[in-house]
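J.: If you want the building blocks of each chain, they are given just below.
There are 4 protein chains.
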Amino acid sequence: MNSFGHSFRVTVFGESHGPVVGVVLDGVPAGIELCEEDFAEDIARRSPGAEGKADGLGALGMTARKEADKPQILSGVFNGHTTGSPLAIVFENANVRPEDYAQFAATPRPGHADFVAAIKFDGNNDPRGGGHFAGRLTLPLVAAGVVAKKVLDGIKFSSQLVALGGSEDPSKWEELIAQAAKEGDSLGGVVECVIENLPIGVGEPFWDSVESMISHAIFAIPGVRGIEFGDGFKAAAMKGSEHNDPFGPDGRPAKNGAGGINGGLTNGAPVVFRVAFKPTSSVSKPQMTWNFETEAEETLTVSGRHDVCFARRCPVIVESVAALVLADLLQR
Amino acid sequence: MNSFGHSFRVTVFGESHGPVVGVVLDGVPAGIELCEEDFAEDIARRSPGAEGKADGLGALGMTARKEADKPQILSGVFNGHTTGSPLAIVFENANVRPEDYAQFAATPRPGHADFVAAIKFDGNNDPRGGGHFAGRLTLPLVAAGVVAKKVLDGIKFSSQLVALGGSEDPSKWEELIAQAAKEGDSLGGVVECVIENLPIGVGEPFWDSVESMISHAIFAIPGVRGIEFGDGFKAAAMKGSEHNDPFGPDGRPAKNGAGGINGGLTNGAPVVFRVAFKPTSSVSKPQMTWNFETEAEETLTVSGRHDVCFARRCPVIVESVAALVLADLLQR
Amino acid sequence: MNSFGHSFRVTVFGESHGPVVGVVLDGVPAGIELCEEDFAEDIARRSPGAEGKADGLGALGMTARKEADKPQILSGVFNGHTTGSPLAIVFENANVRPEDYAQFAATPRPGHADFVAAIKFDGNNDPRGGGHFAGRLTLPLVAAGVVAKKVLDGIKFSSQLVALGGSEDPSKWEELIAQAAKEGDSLGGVVECVIENLPIGVGEPFWDSVESMISHAIFAIPGVRGIEFGDGFKAAAMKGSEHNDPFGPDGRPAKNGAGGINGGLTNGAPVVFRVAFKPTSSVSKPQMTWNFETEAEETLTVSGRHDVCFARRCPVIVESVAALVLADLLQR
Amino acid sequence: MNSFGHSFRVTVFGESHGPVVGVVLDGVPAGIELCEEDFAEDIARRSPGAEGKADGLGALGMTARKEADKPQILSGVFNGHTTGSPLAIVFENANVRPEDYAQFAATPRPGHADFVAAIKFDGNNDPRGGGHFAGRLTLPLVAAGVVAKKVLDGIKFSSQLVALGGSEDPSKWEELIAQAAKEGDSLGGVVECVIENLPIGVGEPFWDSVESMISHAIFAIPGVRGIEFGDGFKAAAMKGSEHNDPFGPDGRPAKNGAGGINGGLTNGAPVVFRVAFKPTSSVSKPQMTWNFETEAEETLTVSGRHDVCFARRCPVIVESVAALVLADLLQR
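Protein chains in written order, with my numbering: chain A, 1101 to 1432; chain B, 1101 to 1432; chain C, 1101 to 1432; chain D, 1101 to 1432.
Source of the hints: derived by calculation from the structure; they are not laboratory data.
It is possible that part of the hints are untrue.
If chains are identical, the list can't say which one is meant, so a pair holds when it fits in one copy or spans any two.
[Unchecked claim] Subject to a maximum C-alpha distance of 30 Å in a straight line, what follows is the list of computed DSS-like cross-link-like pairs (lysine-lysine):
| no. | residue 1 | residue 2 |
| --- | --- | --- |
| 1 | 1153 | 1170 |
| 2 | 1334 | 1170 |
| 3 | 1355 | 1170 |
| 4 | 1250 | 1334 |
| 5 | 1355 | 1385 |
| 6 | 1334 | 1282 |
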């Protein structure tokens, strides 16, 4: 089912090359100022354009698909304020090239959902650009995140790329991208997100811990391979006396190995987590695939229009998704 | 809220030192053979006893708290078969020592939920042994997993410890545990879980991807710091041409960098994921904490009864939780 | 929250005088033929026009607000078939006259949600024509019902007005409406719905009985005051030997006092229920209200554009809502 | 699924002649005083004994099955207060006579769920006394209602039988019961519930209106045939000018035709609704049924132990269910 959230609920719809992608937000409190301009900054951060890119790499290696990405608010806002009714927002898909995808019905692209979607939906799924599985669906997520961050007034989100192509040194990223582009190949990356000023005790015991809810939503972003909180996988190699966060004055943790969460509840320290993104699946380098019509192996070259490293567009997406989760948890 | 699942729903209740811990399972199909003996094997794998331990370390460094862990089926079974009505199972807590925990009301234990739970519930939470936040709540999870695995007839789960105390070499684990025990310290570990024979297309697009659902449930296990699927965090350092799984004959992936999942749906390869467990929070080594009564820093020694490395008991828990998730996804 | 359903989920959005009203349907199976023409017949039954009215009264006493009510499918359909992804449908609101409603901010209309909505949403709700509380929101419900009935292939829904203005004799209805219109007053009615060919055993024990789910959804239709199944309120005055349905050959009930449902589950007989609709709240006859600005009683005349008896438009709405519920129960 | 509620969630389990019936309550706020004695009064009102009966008829025509109905709190209470963790309560079934029900496997009882449950669960359901479909499951509902009413401090619930055997005159009820008992027959009744002191604006627009939520939960009580709010079915025969509630001073409705609810939200007047209960299905008078083994019609006499009019035990059940719903809506 395409909804997430208990008290602040996000429903996404649309396909990459259909008329629109959109979102319905339910549980938005009444009285929040909201207009279409509010979305511009975060949408720019997600766009393939140079604007809004914090990693210093501009539009390097970004897809040639350009969209206006202008939000249209269809409901839930009156006189410039939210009404408490469901907020529906859509974005037109203007720059569509469905013909790019005709060949993949028979020869699914490695790393994409083409094959599994065709099996699950008996060939009725919209295959154009991944259809409902496309990265374009993260656009309404970012829009939803803008609203969630308004709901979470006073809470500070920051997120950035901390590794690209295996390197944690930003000075090397430009070269890595240029090289991969030249090879017709692609790169992955790691995004870190930090959330400050959360009250103590956010989260629900047992199933709906802060980590559970954030990871659930984060894995909805296409291309995520892992998530870790605080010391993360390194914690498994530490001793308890190293990893534990002693309590300092006022009960605030004196360090933050737990990533701001104990027993699934926020403990007053910043919530810190990292997300691993795989390299872009679409590469122009030839790959082996199976031709389901001829029942033979075949070499596939994915042209289309793609980012060399889509992880570069993901800090704002990760942050948006985290905001959706926290708006939900805080409204319970 | 303490329930998880849409069509196969698990509700847990109980406290570590209260009368029972228990679970209600809803959505169990009618007609499955089930008796109390069916739970014995997995319960032994979770217990602190030597029996059922696959890592060759026996009861080394395990807690002295021993419980019979005998399941009582309260409803949902008639004539040795499930009825289709909710299945309630409880376990008595016999070997309780609530007096071990009296001191932690004022001086919360680093790494535990004592502090955040007291804040969230205004001091009304049951603090004895972590109360509802205790690792003991994983016992009903294992019981639920036994039922889920019966529902998932033909699907094969296996899980094992792949790292302990930072070492992936099992020949070193005994020494690492002995050393940590001697120091009054604790160790973490990594559990890998592999699930075979799943049909293609399990999972839901967008929010309820296989990774989303598994990670949501896995982070409900106390002490998890990270989760990764397939190539996991390593994928972020790979090129697309390396990480992508080419399609081989019959559309089966020719390798398994994606951990058996594309676009959130199973692709026919085994689902593979790894979970990082922190070191046990309770260490007898002195730690700094804050005394909320005297409002002063204080040194705390956690005696009680604890595992040196609780991750050793977690393979069956990880596997059980995965089974719950897949029973739910497959029944949708 | 504005969603309903577990496995076939309906999310409605929009306001009476905003840009659109719409619906997102989640859980629609892939491969169902669907185009915009499929909605025409049921939309006509709901419209205030003469077309599609089964009660022989044509457009008598119907509102002067006319809308094209043309559905736009935004997602979830590809090549004329559903894809298995969320199906979003919107309808433009063209014939809006928000100025009709300016006065009701201070002097709420009796019988409407103006007052309670203003309290609940701190005055941020959209007051124009009832905003999100308007009868216009039943248009996306009818659209959703069209899809649900396609999903429920072979199951037959019929519904009709069985009482109007207190009379069960259709020959008197024309006169009753003419008289009420002349008086500037309004009338209520009762709709009966019959559902045939359901399999035995639909519904869930305990909370999600067929009656529970249908009544939940029916009371979402504005203006419902009661619902009864089978013998309904009359059953409370019968003896067990009269009300019980004896089993006849093949276990089929020999009569249908239970309305096709035992223990919350369908029993093979037609599901039969009746819904009481109040008279239209908007009447041009003067009514007392409270002026919240002057803090004085005041006489109010509701002009606007309204049906004398909106229950006449409700058979298709009742049937649509029942179809949504049954699509959900049958997909579990 | 056997759970109800969004923020105050009730999960019931158990069978009439199994070891226990029970309930898990999730979302109970921490810090509410609660002990086992708190349940005694409402449990007596539901019991078949004379104690606690407000209708003046004592134990007349009540079942001979007597149970201690003593609640055991298994979790969620510590030091006499709720902890914020799930509250589990069970009741033993002591006075079971499963042998009473052996014959109904082949010849299902008219009016009961025997037949539909056997079909739905492929014969695996527990048939003893209706199993999970039995009226005994209303005992944990009443227990849950006691907790809900504590959560709803200051809100006043009252409910009573307003019709029995078709008569609204209590002076005739004793005779009606005596006569029905003599005939081996049974009677139905109508229960009215009034809820005072609710704040304005409780309920959610669209799907989770107060009427939707109450009716959903009320139809979970075995034997309900209809529900109506305020003027109810009579509203369908009234004119708008009669049925509408004019606003009086302070915006309070000057009368209560709407039953305290506009647009699905409470309006400050008491919430008033009536519930129609069918006559007890078990009658000793001979009834026709179908023998599924011999495939022939057969005459059935239901002996067992039954109330002549189980509606007499229902005022407290109706009130409890309403309290569960309102605790949920108020906690959202």
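J.: None of the hints should be skipped; say for each whether it holds.
T.: Each hint tested on the structure:
| no. | hint | verdict |
| --- | --- | --- |
| 1 | 1153 / 1170 | within (18 Å within a copy, 42 Å between copies) |
| 2 | 1334 / 1170 | neither (42 Å within a copy, 36 Å between copies) |
| 3 | 1355 / 1170 | neither (42 Å within a copy, 41 Å between copies) |
| 4 | 1250 / 1334 | neither (34 Å within a copy, 35 Å between copies) |
| 5 | 1355 / 1385 | between (46 Å within a copy, 18 Å between copies) |
| 6 | 1334 / 1282 | between (35 Å within a copy, 23 Å between copies) |
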